[in-house]
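**Q** Heads up: the protein sequence lines correspond to chains A and B, in order.
Mapped onto our numbering, the consecutive letters of the first sequence carry residue numbers 1 to 940.
Mapped onto our numbering, the consecutive letters of the second sequence carry residue numbers 1 to 272.
Hints are computed from structural coordinates only; laboratory data are not their basis.
If you're wondering where the values come from, they're calculated on a predicted model, not measured in any experiment.
Built from N, CA and C at the ideal position, the CB exists for glycine as well.
Treat the hints loosely; a few may be bogus.
Claimed, not checked - Derived lysine to any residue pairs resembling SDA-like cross-links, with alpha carbons at most 20 angstroms apart: (1) Lys-154(A) with Gln-98(B); (2) Lys-75(B) with Asn-82(A); (3) Lys-75(B) with Thr-79(A); (4) Lys-113(B) with Lys-629(A); (5) Lys-226(B) with Gly-63(B); (6) Lys-75(B) with Lys-629(A); (7) Lys-228(B) with Asp-28(B); (8) Lys-154(A) with Gly-149(B); (9) Lys-232(A) with Pro-117(B); (10) Lys-74(B) with Lys-629(A); (11) Lys-154(A) with Ala-102(B); (12) Lys-113(B) with Arg-180(A); (13) Lys-601(A) with Pro-587(A); (14) Lys-154(A) with Asp-28(B); (15) Lys-74(B) with Arg-80(A); (16) Lys-232(A) with Arg-143(B).
Claimed, not checked - Covered, in the sense of this in silico footprint (three residues per stretch, anywhere, with C-beta under 8 angstroms from a C-beta of chain B), are these stretches of chain A: (17) 170-183; (18) 595-604.
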Amino acid sequence: MELWVGALNLGFLYAFVAIGIYITFRIHDFPDITVDGTFTTGAAVTSVLVVSGTHPLLAVAASFIACSAAGSITALINTRLNVNSLLAGILVMTGLYSINLHIMGRSNIPLLEAPEFFTLLDRVNPGAPREPWIAICLTFIVAASWFAVSFFFKTDFGLSMRASGNNPVMARAAGINVDRVKILGVAFANGLVGISGSLVAQYQGFSDIGMGIGTVVTGLAAVIIGESILKKHSIYVWIGSAIAGSVIFRFMIAIALYAGMNPIDLKLLTAIFVLITLVITARIGKGAGKLKKKHLFAAAMAVVAIIGIFAGMKYGNFSGIIPQKKVRIGVFQVSDNPILSITRDAFLAEMKRLGYVEGENATFLVENANGDLATVNTIADKFLREKVDIVVPISTACTQVSVNKIKDRPVVFATVANPFIIGAGKSDTDHLPNVTGVYGAVPMDKTMEIVRKILPGHLRIGVIWDPSQANSEENVNNLKKALKNHPEVTFVGGNIAGSSEVHQVAASLVHKNINAFVLPTDNIVYSAFESVVKAARSKKVPIIYNDVDHPEGGALAVFGYTYETSGRQAANLADRILKGEDPASIPFERYKETVLGVNLKVAKELGLTIPRDLIDEATVIVDEKGNKKKRDGGPAEGKPAGPVKRLALFQFTDSVVLDVSARGVIDRLKQSGILEKENITIDQKLAHGDFSTAQSMAQDIVSKNYDYIVTISTVSLQVTVNNNKKIPHVFGTVTDPIKAGVAKSFTDHPPNMTGLATPQPVESTVRLMRRVFPNAKIIGMIWNPAEANSEICTLMTREAAKKYGFKLVEVQITGTQEIDEALRSVLGSSPDIFFTSGDTTVSSVIPSIAQKLRQKKIPYITNTPADIDSGAFMCLGADYYDVGLKTADLAIRVIRGEKPSGIPIVSYVPEQLTVNLFLAKEYGITISNDLIKKAVKVVK
Amino acid sequence: MTMIGISGFHKTFNAGTINEVYALRGIDLDIAEGEFLTIIGTNGSGKSTLLNAIAGTFLPDRGTITIGGKDMAKKPDFQRAQVISRVFQNPFTGTAPQMTIAENLHLASLRGKPRYPIFSLSSDRLAGYREEVRMLEMQLEDRLDNTIGTLSGGQRQALTLLMAVMNEPKVLLLDEHTAALDPKSASQVVALTEKFISRYNLTAVMVTHSMQQALELGTRTILMNKGKVIEEITGKEKQFLTVNDLLDRFADLRKQEKLTSEMIEEMRREYL
């Protein structure tokens with residue numbers, strides 16, 4: 001039943017797409033592909049607004065306006081610039097992809113707890129079941145829209161629109177400005193598509209950047225199906241037929257699914273169906289042959305067997321399931337800038353030292369906006385929703401959002417250059433009552449003193465920075481102020497907007513005959529520092545740099561703060577607040593430790609002498625052979641260590657699992673003391689989920705001759721093995737290194753590589769299912785065959801299911817937008833258990849699935865322990881922090897001198913069970929005490 | 001008073017290419033208000049080009065065209081349409097096939113007026129349109145809700161004519177508008193043309209393929225050849241001229257070497 005009501009609802013929700021396509025294709029004879037983009041735009045605008053608290057109806061209106069604007073751009077390109085309509089549509093659709101990402105700030109926005117349009121409907125629900133009630137409401141809404149749109153096309157303006165499309169020559173002869181009318185028509189149509197996008201997003205409970213793909217084809221299919229059924233000449237019938245076509249199309253999909261059609265083929269077959277119908281329609285138009293209604297109808301019926309899933313997911317609301325007892329600490333940073341990551345890691349380590357242990361007495365919500373400001377907001381919202389007890393923003397951007405948004409709980413910021421310009425306070429002691437933190441601008445006056453000590457006399461200094469970053473701008477302003485005391489120094493500036501420009505700007509500054517680079521902290525300069533070094537080398541220009549991480553990186557001298565101190569100080573402030581101190585009475589703190597590093601090797605190459613007193617003052621010295629020495633205390637105490645070694649910790653993407661695992665590696669390496677003993681620095685490399693980036697990172701690591709490589713994730717393992725034949729390499733957080741193609745067996749592997757295999761514990765999970773549910777028969781599963789790991793897990797599930805006497809019902813999907821239909825189809829076969837293992841597509845929407853399953857009281861079991869917080873019933877999976885620790889143990893063995901060739905690959909699955917007793921009680925399922933005892937986390 | 005003033009009009013299409021056509025070679029023509037000019041000429045003589053020039057479809061290389069004393073050439077087509085109405089040879093050109101007779105007429109009646117998203121096709125107006133359509137004597141008055149696509153060519157062309165004149169434009173341009181019709185419909189449409197032109201006192205220019213039509217209709221006839229006006233027949237002379245007289249004049253023109261015998265032969269084939 002629900003499958004059909006759901007199909008009806010989706011048909012209604014997509015009816016606006018059908019009407020929009022009808023308007024562009026049939027009324028304006030304008031094949032408009034923009035809709036693939038505007039559908040997503042509608043969803044994006046709505047979700048951003050709804051999440052920020054805008055009324056859902058206003059959000060729908062805003063979506064309509066935004067999408068109309070996008071549509072009008074297509075029509076403007078077509079009419080004013082005389083670009084073919086298809087091409088114009090493709091151009092705008094392509095551009096919209098970026099714009100949509102900008103609107104959303106990331107590729108997927110959940111609307112889990114924001115009140116949306118359908119919540120409003122629920123509020124006026126007199127007690128009917130939810131889906132049928134939505135169907136009733138939508139019937140009225142769609143009927144009203146039908147009348148309104150049809151009536152519009154009867155008005156003087158509507159008639160002009162129809163005439164313009166039907167016969168532009170006649171329309172012009174009747175004094176109609178055809179181009180203008182076309183622009184308005186296409187804008188209106190896209191506005192309608194935006195309404196659909198908006199409503200679908202609210203219905204399924206999330207927006208996804210890919211949700212618009214195929215909109216034009218589905219809309220066209222709806223129009224064509226409608227036309228093949230209703231043939232009367234009246235605008236009411238035409239618009240009505242588009243709506244009917246939309247509903248019928250959804251029913252066809254439902255039927256196809258119900259009949260067990262493989263959804264993967266459905267999109268292809270939809271396209272073929274549309275093509276056939278278009279050809280037949282054209283034939284009828286020419287009167288060639290007697291292809292009439294029955295042919296069209298036959299074609300329409302053929303689609304029963306062939307049309308695809310384009311549906312979405314529904315949302316859930318989990319705030320009631322997760323109990324909150326421990327201290328919840330929200331930590332977030334704006335990007336992967338190493339300065340911020342150093343702060344974060346130092347903060348987390350210090351918190352741990354202070355006794356806040358994840359999972360025991362504290363929950364750390366660690367987030368990263370990946371350079372996107374919109375995401376910063378979303379994260380702050382998330383912290384509020386998740387009811388964290390204290391928020392720790394790292395970076396200026398995060399702090400700014402936090403002080404604006406968070407008024408009712410403490411905020412402790414770290415690594416902020418100037419908290420006063422962003423409204424956190426007026427002075428160290430006079431500040432917002434709930435805000436305190438650690439800050440410090442790079443000391444540019446001191447930097448200039450160092451510069452002058454090395455390079456006296458007339459001096460032209462080259463400065464490179466990105467003016468769009470407030471921090472960089474502030475640093476440069478401080479530098480300019482400092483220069484007032486040095487009249488013999490001339491400032492030569494160069495602005496950049498991206499790392500690709502750094503080399504060019506540096507080279508141009510070198511050509512302007514500068515005597516030195518003085519580079520204040522700047523994210524972009526940081527990321528492309530090597531290009532500055534390269535440009536400077538050509539004319540032997542020395543570099544004085546404020547980032548102190550890499551004194552051996554090619555700068556003559558580095559001076560600035562270590563950001564570990566920022567993180568540590570922030571942790572101590574947070575601790576004081578959590579123990580009851582009032583943030584209002586805690587003054588802002590400045591960083592306590594500075595680092596001065598001098599590179600004697602570079603000095604020698606440049607033929608410069610660094611004054612003795614500066615060398616004495618330095619905390620880090622790179623000697624003439626390139627060996628780095630640290631001095632902790634006073635200058636006299638410098639104890640020479642061995643040569644500096646570098647370890648690359650290479651991670652493919654920043655998913656939760658990989659982050660946790662990387663944290664395990666770092667924590668164990670630090671705890672073991674081997675880093676200090678062997679004088680090893682860790683460089684974290686993150687490819688942001690991009691394969692080509694991963695590839696070039698691996699090459700970079702090899703070409704820079706790192707001493708050790710630790711990879712986290714299968715992809716980073718694979719690209720490293722392809723590029724690296726000699727550097728010792730330890731991998732971890734990999735499901736199956738043999739299937740990944742890097743080793744023939746656990747003992748037969750490349751001589752410089754070893755590591756840890758952590759398969760999903762599928763069989764144990766199925767065994768567990770049998771134990772908890774002795775009478776269960778059917779396991780339902782949705783998975784994406786494009787994912788290699790998911791396929792491995794599914795194959796294992798098939799075998800295990802057979803072994804333990806389950807029947808496995810699988811539905812394959814190609815993307816998140818198909819999950820809702822797929823889930824309905826699975827639920828149609830009444831599974832006793834629903835299972836997800838190793839599938840990232842499904843994992844991305846676990847909360848929504850869990851909510852759906854909860855309505856049906858079907859236990860949801862997964863292989864990721866953390867899913868228990870997203871509404872899963874029971875999870876059995878590897879503890880990836882533990883996996884990280886074990887990976888580090890292998891690395892330590894290698895660092896101590898063992899040959900990787902002699903260490904077999906280890907299969908290691910630290911099984912971790914989590915159980916949701918709250919749901920067990922709700923479902924009436926008893927879970928034995930020994931299981932509960934085994935579980936590391938029990939939701940009550 | 002001059003309604004259409006054309007002076008020194010030159011136009012070359014595809015200049016500088018292998019397809020270069022010197023279509024109009026210095027046209028000077030003065031068409032007074034209320035005058036009904038008919039144009040004949042061989043294929044490629046420039047008669048339809050002249051009509052398009054008046055309609056403002058292209059800009060002149062040299063020379064000017066004024067309508068009611070104003071240079072309309074640079075105005076967009078939908079604005080010119082408020083002054084100039086056209087009926088084309090192809091009956092499909094002048095109407096929107098998927099819209100009803102009433103909707104087509106309504107759109108035509110809104111020419112030169114703003115079109116708001118309001119419903120103004122009221123029953124009063126519908127009754128008015130019904131009366132107008134009744135005048136066409138095409139039995140369409142009871143089919144106002146039928147789409148144009150269901151009508152015959154003659155019916156469409158009659159409606160197109162009605163739509164062209166119903167808002168009383170200054171100038172009516174007819175481009176062989178009966179050429180594609182069967183003889184009966186053609187004569188019906190010709191009769192309607194005369195009726196409307198005299199009723200609304202329109203300034204009209206008609207390109208025709210029939211010498212008979214050229215002589216019977218209108219107040220003045222011009223003969224075009226190679227982008228020039230080579231002969232003009234006006235007033236009383238026109239009233240009493242027969243087709244044979246006209247052919248005689250062609251013979252005269254040949255003697256003056258304004259026409260070649262092949263062209264006369266072509267005119268004969270085309271027009272008789």
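**Q** Of all the hints numbered above, which does this structure not satisfy? Sort the numbers upward.
**A** When the structure is compared with the hints, numbers 4, 6, 9, 10, 13, 14 and 18 turn out to be violated.
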